[in-house]
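Peer 1: Below are the chains, spelled out letter by letter.
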Amino acid sequence: MTRTVEHVVCPTCGCLCDDLVVEVDGTRVTQARRACPNGRTFFKSYDPTPRLPRVHGREVEWNEAIAEAARMLTQARSPLIYGLSSTATEAQRCAVELADRLGAILDTTSSLCHGPAVLAMQSVGLPGCTLGEIRSNADLVIFWGCNPAVSHPRHFARYSLPPANRRSRVAVVVDVRPTATSDIADLFLQVEPGSDLEILTALRALVHARPLSARAIGGVPLANWEDLAGRMKSCRMGVVFAGVGLTMSQGRDLNLGELFSLVAELNDCTRFAAMPMRGHGNVAGADQVLTWQSGYPFAVNYGRGFPRYGPGEFSAVDVLAHGEADAALIIASDPLAHLPSSSAVHLREIPVVAIDPRESLTTRIAQVVLPTACYGLDAAGTYYRMDGVPIRLRPVISSARPTDEQALQQLLDSVVRVSAGAVPTC
Amino acid sequence: MSATVLQARANLTLPVEADSITPDRIDGLQQVAVGNLPILYGREWAPLGDLFAVSGDGRADLVLEGDLTHVKRIGQGMTRGTIAIHGNAGLHLGSQMRGGEITVDSNVGGWAGAHMAGGRLRIYGDAGPMLGSAYPGERRGMTGGVILVEGSAAARVGERMRRGLIAVGGSTGDFPGARMIAGSLFVFGQLGPRAGAGMKRGSIVSLGSLASGVLPTFQYSCRFAPGFLQLYLRYLLRWGMPVTPAHLQGQYQRYTGDINTLGKGEILIYDQH
Ligand code: SF4
Chain P
1 MTRTVEHVVC PTCGCLCDDL VVEVDGTRVT QARRACPNGR TFFKSYDPTP
51 RLPRVHGREV EWNEAIAEAA RMLTQARSPL IYGLSSTATE AQRCAVELAD
101 RLGAILDTTS SLCHGPAVLA MQSVGLPGCT LGEIRSNADL VIFWGCNPAV
151 SHPRHFARYS LPPANRRSRV AVVVDVRPTA TSDIADLFLQ VEPGSDLEIL
201 TALRALVHAR PLSARAIGGV PLANWEDLAG RMKSCRMGVV FAGVGLTMSQ
251 GRDLNLGELF SLVAELNDCT RFAAMPMRGH GNVAGADQVL TWQSGYPFAV
301 NYGRGFPRYG PGEFSAVDVL AHGEADAALI IASDPLAHLP SSSAVHLREI
351 PVVAIDPRES LTTRIAQVVL PTACYGLDAA GTYYRMDGVP IRLRPVISSA
401 RPTDEQALQQ LLDSVVRVSA GAVPTC
Chain S
1 MSATVLQARA NLTLPVEADS ITPDRIDGLQ QVAVGNLPIL YGREWAPLGD
51 LFAVSGDGRA DLVLEGDLTH VKRIGQGMTR GTIAIHGNAG LHLGSQMRGG
101 EITVDSNVGG WAGAHMAGGR LRIYGDAGPM LGSAYPGERR GMTGGVILVE
151 GSAAARVGER MRRGLIAVGG STGDFPGARM IAGSLFVFGQ LGPRAGAGMK
201 RGSIVSLGSL ASGVLPTFQY SCRFAPGFLQ LYLRYLLRWG MPVTPAHLQG
251 QYQRYTGDIN TLGKGEILIY DQH
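Top to bottom, those sequences are chains P and S. Quick note on numbering: the first sequence equals residues 1 to 426 in this note's numbering. Quick note on numbering: the second sequence equals residues 1 to 273 in this note's numbering.
Wrong hints could be hidden among the right ones.
Short derived list, chain P residues pointing at chain S, Cβ under 7 Å [to be verified]:
#1 54
#2 100
#3 172
#4 193
#5 197
#6 201
#7 204
#8 321
#9 340
Partner residues aside, some chain S positions facing chain P, computed with beta carbon under 7 Å [to be verified]:
#10 36
#11 37
#12 38
#13 136
#14 174
#15 190
#16 194
#17 197
#18 216
#19 244
#20 248
Stretch-level coverage of chain S by chain P, calculated; a stretch enters the list once three of its residues show a Cβ under 8 Å from a Cβ in chain P [as the list claims (entries may be wrong)]:
#21 8-19
#22 39-50
#23 97-108
Bear in mind the hints are in silico, worked out from the structure with no lab data behind them. Here a beta-carbon is modelled for each residue, glycine too, at the ideal position from N, C-alpha and C.
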C-alpha cells in the first residue's frame, strides 16, 4: 500500500529542502515530489533491506564486526577518523568522543571543501545571515566560484533567486568558465584561473575609492569591476555565495579572508552578507559539533590527550598522503572516490573500518563494513543547513538497521572495554 | 666538535613529535637520561631511546642523523645551543625558537621557524610551506631571528611575520610575505605570485625574477638605491647567500602597499637594467 509523507527534508546537499512530498510503497520510496534530480536519486536509490556487517569480506554478526573494528582501531598507533559530512550531529558527537578515547586524528570533508572558509572566518570574521533573509530581502546575489544550478539545483527557487521576486534582483556570476549558473545570470564575469585574490583586493580598494593603476584585473577590464563595486555599494541587500572555486584555488583561506573583509566593509554603506556554499548535507553540522566539542572545526588531533588543531597537518588528505595513519575509520563518506590519488593509495594499504548506509568504493576495500540506516530515510537525526540553521530529519520508512550513532556508541563501548584490558566479546 | 648524537634507529613513517629534542632539555643529561626523554610516537609516548640511538658526550650541542621527514617539532622553543641535522626534517622545525642555531643539510617540512622569536635557522635544501609564518588563528608569525634557505621555499613564506629576517636563495611559492606586519624577506630566485598580499609594513626584496606583476593594490613609488639594503646584503653575503656586486650597487624599483591595509609595506625589485 502506498502512503504519502509531507514536509520531508532532503539531506542530500546543504540546502536541506524541507518541503518534499514523498510516496512510500512498503519499504521503498517510489516518488520524491519537489526534489531535484540529485534529491530524487538519493530517495529512490536507497534499499533499506537489513544487511549483515562484513569482516574481511565475510558476513558476520553485528557484535563480531564491532569487536573486530575496536581491535583494529585500538591496535593502531596513529588512527584516523574521517568523513562525517553525511551523518547526523548525534553521530558526529559520538565520533568526537571516540576520537578522544582513541587519541585519534579526526577530520571531516570540510578540509577538502570549505575548510579554508572556516580558517578565514577565524581570522577576520564572517558577516553572515540566514537563507530566509536572502530570500526575502536580497536584491544583489553574487555566485563566486560555484555552480548551484548543478550542485544545489533548488537553491535558486527556494533561497537566492525565487521566481516571485526574480525580476527585482540582479544575479552575478564570477567564474573561470561558463556554467549552467552563468547561463541564468544577469552579469557573468569570466576571470582567469587563480586570480580571485587580485580581484577581491581590487574590489576592496574600489569600494573605498582608492586608486588602482591596473587596467584589467583577472583578465576583466577595470571598468567592469568598478561597475560591480558600484552595484555592491548601492544595493539594498547583497550576498556573495562562495564556492569551492574560491576555497580550493590558489590562496584558499586568503581568498576567503579578502572576501569576508570586503563584505564586512560593505556593511558601512549597505547590508551585505557572505555565505559558503556548503555541499554535503551536514558538513556544516560537522563543523558545529567539532567546534563545540573540541574547540576546533576540523583537522583535530587527540594524540596528546587533548585536542590540537592542524589544518594542513592533521587534515586527512595530508595525513594519508604522508603515510602517517596506520588505521582509518570512515564514517558516511567515500574518500576513495574523492581524495587525491596520493592519499587514496595509502588508504588502500591500511586497515579500514567503514560505517555507511550505502556501498561505495571505500566499503569495497574496507576490512570491516558496518551497514547502517540512512538519516532522513529510515533514521531520525539533526542536520545543519548551509546557513547554520539546525533542521530535524524524520524517518519516512522503517528499518531494522542501527543508526550511525548506535554503531559508533557500540564501537566506543567496545574500545573502552578493549582499552581496559577486557577481551572483546563476539 | 663534541656533541650528543641521535641516530634514527629505523625509517620512521608514523608521525613522531620530538619537542623534547632541544639543547635546553638535553644539556647536562647522561646518555641514559637522554634516552628516557619522552617523545610522542603516533598517539603513544615512547622513550627517545626506542627510536634513536644515543651517543656522544652529553653536551647541549646536538647532532641528528637519519631520515627525519616524519619527526616533527625538533628544536621547538629552544633558547640556546646548536642542532645539526644530517638529513630531512619534519614539520615545525625550530618553531617558537628563541635562541641558538639549527642547521639542516637537506629539506624541511612546513611551518619551519613558525613563531620564531630569535636565533638562526639555516636550511641547505628546500623549505616547506608557511616558513616563518603564523599558526592558524594567531595574529603574528615570526617575531625575530634569522632564517636562511639555500634552496626554495614553498607557499606563504613569512606570512604575518612581525620582525626578523628571512632570506631564500631559490624561489618562493605563492603569497610570499602575505599579511606581513613588519620584518624583511629577501628572495634571490623567483619571487612567487601575489607577494605582500595584505601586508601592513615591512620589506620584500626581490633580487631575481618575478613570477607575476605586483598586486593591483601596490603602487609604483620610485627607482632608487636604498642605503639600508647595503647593510642587509653585506650580512647575507657573509652568511653565504648569493649576493652579487651588482645587487650591492644596483638600483631598485619600489612599490608600496597593500593599500587595503596600512599601505606602509614595500616591495623592492632589483632593476636588472
Ligand atoms: S537542492 Fe539539495 S536539498 Fe534540495 S532537493 Fe536538491 S539535493 Fe535535495
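Peer 1: Are the hints correct? Go through all of them and say.
Peer 2: Quick rundown of the hints versus the structure:
no. : hint   : verdict
1   : 54     : 27 Å, violated
2   : 100    : 11 Å, violated
3   : 172    : 20 Å, violated
4   : 193    : 12 Å, violated
5   : 197    : 6 Å, holds
6   : 201    : 5 Å, holds
7   : 204    : 5 Å, holds
8   : 321    : 12 Å, violated
9   : 340    : 16 Å, violated
10  : 36     : 19 Å, violated
11  : 37     : 16 Å, violated
12  : 38     : 11 Å, violated
13  : 136    : 6 Å, holds
14  : 174    : 5 Å, holds
15  : 190    : 15 Å, violated
16  : 194    : 6 Å, holds
17  : 197    : 6 Å, holds
18  : 216    : 4 Å, holds
19  : 244    : 30 Å, violated
20  : 248    : 30 Å, violated
21  : 8-19   : holds (count 4)
22  : 39-50  : holds (count 5)
23  : 97-108 : violated (count 0)
Checked against the numbered hints given earlier, the structure breaks hints 1, 2, 3, 4, 8, 9, 10, 11, 12, 15, 19, 20 and 23 and satisfies all the rest.
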